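Below are the chains, spelled out letter by letter.
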Amino acid sequence: MIIGLDVGGTHSDAVLFDSRGLVRDIKVPTNPDNLYETLLTAFDLLMEGQRPEDVKRLVLSTTLATNMVVQNTLPPVAMIVSGGPGIDPEHFRVGDHYYVVRGALDHGGREIEPLDEQQIKAVGEQIRAAGLPYVGVVTKFSVRNPEHELRLAELLAPYVERVFMGHPLSGVLSFPRRIATTFLNAAVYPVHRDFFTAVQESLAQKGIVVPIRILKPDGGNMNMATSLDYPAQTILSGPSASVMGAIAYARADESCLVLDIGGTTTDMAIILDGVPVLASGGIEIGPYKTLIRALQTRSIGIGGDSVVRVRDSQISIGPDRLGRAMAYGGPLPTPTDAFCVLGLADGGDRSRSVQGLTPLAAALQLSVEEIAELIFTTACREILTAARNMVSDINSRPVYTVHEMHEGIQIQPDRMLVLGGPASQFAERLTTLFPGEVMPVPHWQVANAIGCALARTTCEVTVYADTARQVVTAQGEGYHQNIPASFDLGNIREIALELVRKKALARGANPEFVQTEVVEEAQFNMVRGFYTVGKNIRVRAQVKPGLIHGYDPQTETLNRSDL
Amino acid sequence: MLRATHKTGLVFFPAFDWAIDPTHPEREERLLYTQDQVFEEGLLDIDGIVELKSDLVNIKDIQRVHFCVPDPWAVITESHLISAGGAKTIGMAVMDGTIERGFALVRPPGHHANRVVHGARGFCNINIEAIMIEYLRRAYGVDRVAIVDTDCHHGDGTQDIYWHDPDTLFISIHQDGRTLYPGSGFLNDFGGPNAAGTTINLPLPPETCDEGFLYAIEHAVLPILEDFQPQLIINSAGQDNHYSDPITNMNFSARGYARLTSMLKADIAVLEGGYAIEGALPYVNAGIIMAMAGLDYSHLREPDFNPDRLHQDPDVTRVIEKTCNYALEIWNKRAAITHTVRKKPDCGERRRQIFYDTDNILETQEETIRICDDCAGALRIDSISDRGVRMLGVTIPRKACSRCIEQGHQWYENGDRNHYRHIFLQDRVTDRYSERKD
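If you read the protein sequences in the order shown, they are chains E and F.
The first sequence maps to residues 1 to 563 in UniProt numbering.
The second sequence maps to residues 1 to 438 in UniProt numbering.
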């Protein structure tokens, strides 16, 4: 039996799966002030009459970390950075306890300037005096050589409870993003730890013994033990739950646009040949640009409960939500009220919707039915425009080789998969405005929780080899080996795939079904003077994002005895 | 938060799968460490710096500038279409106003490519700056353009293309041609009889330091630019003046390059040479981007930067001062110089041999320009390579007067097909390129 539980901003959804398929699904309102209570309420409702020992897999997605960042309730943490030549690291300041120290590495990881240990100890004293239990340490080019970060961590250990380093977070180069990500990791940590420890304990009391898995924004999950090292990787996982909920219905030979139409927003993403498109950078949230790997998603402020107004003789929808639709007792008219007027919504008080739309209709000299139609079409058109812009942004991503330029894959969505509360109404209307097929995802109201339940354990590694210096390193994995000068791309590829497999297993993947792949690789002859002295080889490998092995989307059932 | 004071666009096309040959300086690895530095600095994340995807140029864009023998496909690779496309993308974004300035960090380079192209010389096949400029003139109606070439090698290809064009000011600052490839670009090379003075060469002695380069910018380049009043300033941003460059002898630093960029205020920079790929390019390129965007670059320096080792010899300083004064004089007296030049009976003729070092081709060229006061003048080029291909190329300039149009057509139609394997007409008035097929 598998459980997927997605604590969203407005609603929380939970599903229970077994060999018979989707056994139960529930939806409860989220109490943003007490996510713990929301989570357990949803869980208890879902498990009513079920045997806890049957639960073999449990995946959670929450807005816990996202809310802390968005609402700016992150606890203070100290940051120590060293940059060396380039942009003044002072520009990347985060938080009130930010220290720039001496020490520098170059792009090859060679030391330009050593650390000043006395200076670092003095900073340690200051951090202790300020009573800060957590510190993040980041150096420029630490992914090429972590020595400085490791030494910083060692020197600071006596002064704090825990040190977070930058290089294990990602193999991607970006000093400012490494600083922001390390900061978030350290800042999110205590709340994340307390929350999930409490959840795990409560579940244990209920007889659930399997380790919790937590969803990440890249459409995969990690086990709780891993999440304590990388708590920031839980930020903005919500949209990826929806994409994974739709992915079973995207064919391997087409590109699909996924729309998750919620109460407040519509989230969109692209699935290309059955695989979700990843964002080229990391997630951006609030003032932070990070190295947190994520699916390429875009969110616009149009949902079923968005406020509808007339501005400059035009219908304007959202981006704000001020409670539910008028049909359900809300204060202002919304697209849901338009559905009510058109007879497309179940329940709800149509007369209140009519009352809400009447002044808008009058302002535009239309009938109430006409204005309802107009609101509906406007919402669809704006969603499609935003989707088109996202696709065009993906298509205009720069490439760095003649080969890629030649390939020039241009995405043009063939199909649209719609999920979320008003999915069926929207799908019907979008059909008339979109050239391809439009399909509401089965169980569209809880498809996000299904995606959460069925997502794989994912991770990636970046491997960097220099055959002139005869070394291969994968700093995120603490991997550093000597290699013969004769090593080539094939050897390094093997190392990368082995490392990513090991990492996935440590994060909770099933050893029988780990599907790894190389996502980027390059090999350069290093010429010094007139001779080739070696090769500079770079390989990035990942677990292919997707659904767990054994799920059959046709029958919507699981055919694995261990689950 | 860090924010660019000038909205700056960047096309980054390192052509990680293209090389002249595996150990050639112009190889896959060249911009690898630059990419590492640019990414690690987070330059592309800065508010006001945008990365644009390179567009391709088409054959028409190339033929607006070059006579390719026998045809463009024979002398280029796809990589050239992309690097020229990178420059064009930046140019269009500047003209469209989506960016204020831009830098095409692309390879392969282009400034040694002449109007006639039989193959590659100085690692260049087609002139990516000229292709961009002529596209912008056609598409946006740009007229007056200045090119400041700060590569260590004389920008002889760009000079050749604009030798007769009074609407294009070409200034090249480079290591003295007596000491470095391509061995040209002397003070007295100041342009053809229709455009005397709009080519300015500033040959600098070996061992010129930051001080000398910045002196030349301040005392020669900027006053001439101020006087010329271009609508666009293009910087052919070669980086081989760096003190660590393996194939040149200058002492310029990354911060010096950044300072030069701030002073020049070019609208568009296009990467040219620069082959100290680990010790210089990462820092010089970062410096140019930071300076274009108006960011503080005072923390930028090379790992081995030692200002004490980079002091300019007083003799070098004196030579530079003299050179700058002489160049200014040429500029100021260009009307009188034109008068003198035109007194020579054969002033409209030029006979040259051009060596293509990269492809080992020797070209012999005879050029005739119609002396004209109303336009840049019709141009006739008779060219043969030692591979035996002879061609006649006729250019009718962009703003040609009726008599030059007539002269151009006459040359084209009267070309003897038994003499020439190819007869081309580059008609810039109608923007048409044709080859006689009779």
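Don't take each hint at face value.
Stated by the list, open to error - Computed footprint of chain E on chain F, listed as stretches where at least three residues anywhere in the stretch have a Cβ under 8 Å from a Cβ of chain E:
#1 35–41
#2 77–88
#3 294–302
#4 421–427
What the hints assert, rightly or not - Below, simulated DSBU-like cross-link-like pairs (lysine-lysine); rule was C-alpha separation at most 30 Å, straight line:
#5 F:Lys53 - F:Lys265
#6 E:Lys289 - E:Lys56
#7 E:Lys544 - F:Lys399
#8 F:Lys60 - F:Lys333
#9 F:Lys437 - F:Lys333
#10 E:Lys206 - E:Lys544
#11 F:Lys53 - E:Lys535
#12 E:Lys289 - F:Lys53
#13 F:Lys333 - F:Lys265
As the list claims (entries may be wrong) - Restraint-style ranges between C-beta atoms, simulated for each label pair:
#14 E:Lys56 - F:Val50: 46 to 54 Å
#15 F:Pro223 - E:Glu117: 28 to 36 Å
#16 F:Lys60 - E:Ala506: 54 to 62 Å
Since the hints were made in silico from the structure, they are not lab data.
In this text, all values refer to a predicted model and were calculated from it rather than measured experimentally.
Ideal Cβ placement from N, Cα and C applies to all residues, glycine included.
Checked hints:
Remark: the region 35–41 of chain F is confirmed as covered by chain E, as 6 of its residues place a Cβ nearer than 8 Å to a Cβ of that chain, reaching the required three. As drawn, the region 77–88 of chain F meets chain E at 4 residues by the rule of a beta-carbon pair under 8 Å; at three or more, the given contact holds. Against chain E, the region 294–302 of chain F contributes 7 residues with a C-beta closer than 8 Å to a partner C-beta. That satisfies the three-residue criterion, and the hint holds. Judged by the Cβ-Cβ criterion of 8 Å, the region 421–427 of chain F is not covered by chain E as claimed, because only 0 of its residues qualify and three are needed.
The suggested pairing of F:Lys53 with F:Lys265 holds, with an alpha-carbon distance near 23 Å, which does not exceed 30 Å. Of the pairs offered as hints, the one joining E:Lys289 and E:Lys56 is violated, with about 36 Å between alpha carbons and a cut-off of 30 Å exceeded. Between E:Lys544 and F:Lys399 the CA atoms are separated by roughly 59 Å; this puts the pair beyond 30 Å, and the hint is violated. Between the alpha carbons of F:Lys60 and F:Lys333 the distance comes to roughly 38 Å, so the proposed pair goes past 30 Å and is violated.
The hinted pair formed by F:Lys437 and F:Lys333 fails the criterion: a straight-line CA distance of about 45 Å is larger than 30 Å. For the hint linking E:Lys206 to E:Lys544, the alpha-carbon distance of about 34 Å lies beyond 30 Å, and the restraint is violated. With a CA separation close to 28 Å, the supplied pair F:Lys53 and E:Lys535 stays within the 30 Å bound. Simply put, E:Lys289 and F:Lys53 have alpha-carbon atoms about 21 Å apart, close enough for the 30 Å limit, and the pair holds.
Proximity of F:Lys333 to F:Lys265 is assessed by CA-CA distance (about 26 Å); at most 30 Å being required, the pair is judged to hold. Under the hint 46 to 54 Å, the C-beta atoms of E:Lys56 and F:Val50, about 48 Å apart, fit the expected range. Against the hinted window of 28 to 36 Å, the Cβ-Cβ separation of F:Pro223 and E:Glu117 comes to about 53 Å, which falls outside the hint. Here the CB-CB span from F:Lys60 to E:Ala506 is close to 57 Å, well matched to the stated 54 to 62 Å.
Checked against the numbered hints listed earlier, the structure breaks hints 4, 6, 7, 8, 9, 10 and 15; every other hint is satisfied.
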